[in-house]
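Peer 1: What follows is each chain in one-letter form.
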Amino acid sequence: MKTIGIADTTFARYDMGASAIDELNRTGTGFRIVRSTVPGFKDLPVACKKLIEEQHCDICIALAMPGPKEKDKMCAHEASTGLIQCQLLTNTHILEVFVHEDEAKDEAELAYLADMRAREHAINAYDLLFRPERLTRNAGKGLRQGFRDAGPVRQTK
Amino acid sequence: MKTIGIADTTFARYDMGASAIDELNRTGTGFRIVRSTVPGFKDLPVACKKLIEEQHCDICIALAMPGPKEKDKMCAHEASTGLIQCQLLTNTHILEVFVHEDEAKDEAELAYLADMRAREHAINAYDLLFRPERLTRNAGKGLRQGFRDAGPVRQTK
Amino acid sequence: MKTIGIADTTFARYDMGASAIDELNRTGTGFRIVRSTVPGFKDLPVACKKLIEEQHCDICIALAMPGPKEKDKMCAHEASTGLIQCQLLTNTHILEVFVHEDEAKDEAELAYLADMRAREHAINAYDLLFRPERLTRNAGKGLRQGFRDAGPVRQTK
Amino acid sequence: MKTIGIADTTFARYDMGASAIDELNRTGTGFRIVRSTVPGFKDLPVACKKLIEEQHCDICIALAMPGPKEKDKMCAHEASTGLIQCQLLTNTHILEVFVHEDEAKDEAELAYLADMRAREHAINAYDLLFRPERLTRNAGKGLRQGFRDAGPVRQTK
Amino acid sequence: MKTIGIADTTFARYDMGASAIDELNRTGTGFRIVRSTVPGFKDLPVACKKLIEEQHCDICIALAMPGPKEKDKMCAHEASTGLIQCQLLTNTHILEVFVHEDEAKDEAELAYLADMRAREHAINAYDLLFRPERLTRNAGKGLRQGFRDAGPVRQTK
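Which chain is which? The protein sequence lines are A, B, C, D and E, in order.
All the letters of the first sequence, read from the start, carry residue numbers 144 to 300 under our numbering.
All the letters of the second sequence, read from the start, carry residue numbers 144 to 300 under our numbering.
All the letters of the third sequence, read from the start, carry residue numbers 144 to 300 under our numbering.
All the letters of the fourth sequence, read from the start, carry residue numbers 144 to 300 under our numbering.
All the letters of the fifth sequence, read from the start, carry residue numbers 144 to 300 under our numbering.
No false leads were mixed into what you were given.
Any copy, or any two copies together, can satisfy a pair, since identical chains are not distinguished.
Simulated pairs of lysine to any residue, SDA-like, Cα-Cα distance not exceeding 25 Å:
| no. | residue 1 | residue 2 |
| --- | --- | --- |
| 1 | Lys145 | Leu231 |
| 2 | Lys248 | Met259 |
| 3 | Lys214 | Gly289 |
| 4 | Lys212 | Gly294 |
| 5 | Lys216 | Met259 |
| 6 | Lys212 | Met259 |
It should be emphasised that the hints constitute simulated quantities derived from the structure, not laboratory data.
Isolated chain A (complex conformation) (with noise of 0.2 Å):
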């Protein structure tokens, strides 16, 4: 039995940890889910490494929306130098899944975006812990989680 950890926040405004979990379950079997909510997104990396460390689970998803602001996007940075050590100080990948405000044009494609970039960041996990070469047989193909793939590079021979 593997555990999955899923790390949000009250700053997000929309409820990404549900729709990981819900994916998740969707997804497949074998696994049990933790989840620790903090309060902003610069507060997911330490609960990273105690999902990790003292709840024994042996992969994260960490959600969050930083605002549209040049501090959020700094902030954002922060939380994402920290959760990069902290995969590295254990040993374990966490997913991050970001979605920025400005990244829609309103709240409707906001939450939209949100809803299924966190679900398609769950299978990623999901492959990651039980079936890593699907993964490789997606290598190089410009896969993007949220909105459309990018597609690999057209060449011309």
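Position chains B, C, D and E relative to chain A; hints supplied.
Peer 2: Coordinates of chains B, C, D and E only, in the frame set by chain A:
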């Protein structure tokens, strides 16, 4: 009995530490408070590390008021990075309560904001320590500290 | 028998991992290859850490193709920082092979560049592992991977 | 007997280390001083690490004068990040006393600023070591080092 | 007998490693030199870590020539951050000798600058190892490597 660490600065132009301590005492019992005041906000990461490892704090609140200049933004970034690193090294939450001088339109609003953000994060610290399920109930609700909540995204289904 | 790790992504729009593996096999023998494919390039640092510590790789090649936006540049910066940190924690070289989408004028050139840079760095990995004196002979020669070498500075004596 | 480390550079255009040492000796007793001078300010983090771990310093003061160019700002950022990291690794305060060349309008003011900031932070170091309650009494008072204090925010109640 | 590590790159357009080695040999005795050449300057941090921990170097000189583009500046920043981190992990000085291509007005000046900066930092490395008091005598003197010294601030008393 839990221990809550308060780290603040002589650089800040409002006694945010006092606000946090007052709010903690209004919120609940079952903890003691240890305070460490340092000159500037770049001294906060090690102050928290010492609160956690030498004073056995179970959680910290780091309060500061960076100035409005570009150089201040960079210093705040360095302090934030250090606070995240400190959390990863200690598996302990540190709530960063930074109020940027240029977030407020005048000194009265700045004082109001500093007081309110310190108080709301004091409650977050209490929740993380004593009632984390309260945070999970608010996941994705668009909560903010100091100013009005952004609220959840309005969806049209 | 040495082990070479290949870490790549489903985000990239060209199968750079396949190019690196093909070139390694053309260059020499005495090694086996282990491959790990992850969703995005921010997942590469921990992927390499696991290749080194769990799969016993003696060197890694981390291949990715960041997009052209400002946000992509920041993500690439975070991934690079993590890759350097990973090397310091493991005393193991990881050659970063990043091709930025905006380095090429069209998709055909992008594919060419991705293929060539992966191949030339595959040879660098081989050299670091089996014939480091070849690199020292080229010290200060202005070598580049993918595009034309810059060459040494022309001096007027 | 406590030990105070002084780390400074040959790059700085004012002997800030001498100012700090002079002020420490005017402020109190019960400590000895160890000094390490390095070429540039990026050499300060490891200089402090060695002062702390090899010379058993209980606190350090790191003094430097970054130049006015964009490149100098980036170098100062790297040095600051390293100083914070060093503090976290050693649980020891390092007071960063950086004077940026463009903070002053001419060389006379630059010398004045370098001297004053070094002296005021020397007192901060003494306080952290021998009388921390003095800092807590000044929490939120808007203190500055070198130039005039900003003072606490004026509130209208 | 001390050991001095020289880490340089095939990316640089001038053989700065050779200049540093030549100058060290002119400056004194009592040391041996170990050299490690890597492809690019982002490979320098781990190269130095290996020189220190596997080749037992007592100090390192890391030489590189970043290009003139914005992307090169970011890469140099990442390498610098890694070099500082490496020093903190090993308690060993690494002198960073980076010459940015756009510091010189033409290729002849670039070669001159690369040669001179490598030589002057080679002497700094020798001083740190064998005669640190020479650096302290020059504290605050505004020394520069490669171009003319800035000199100490002129004071009017």
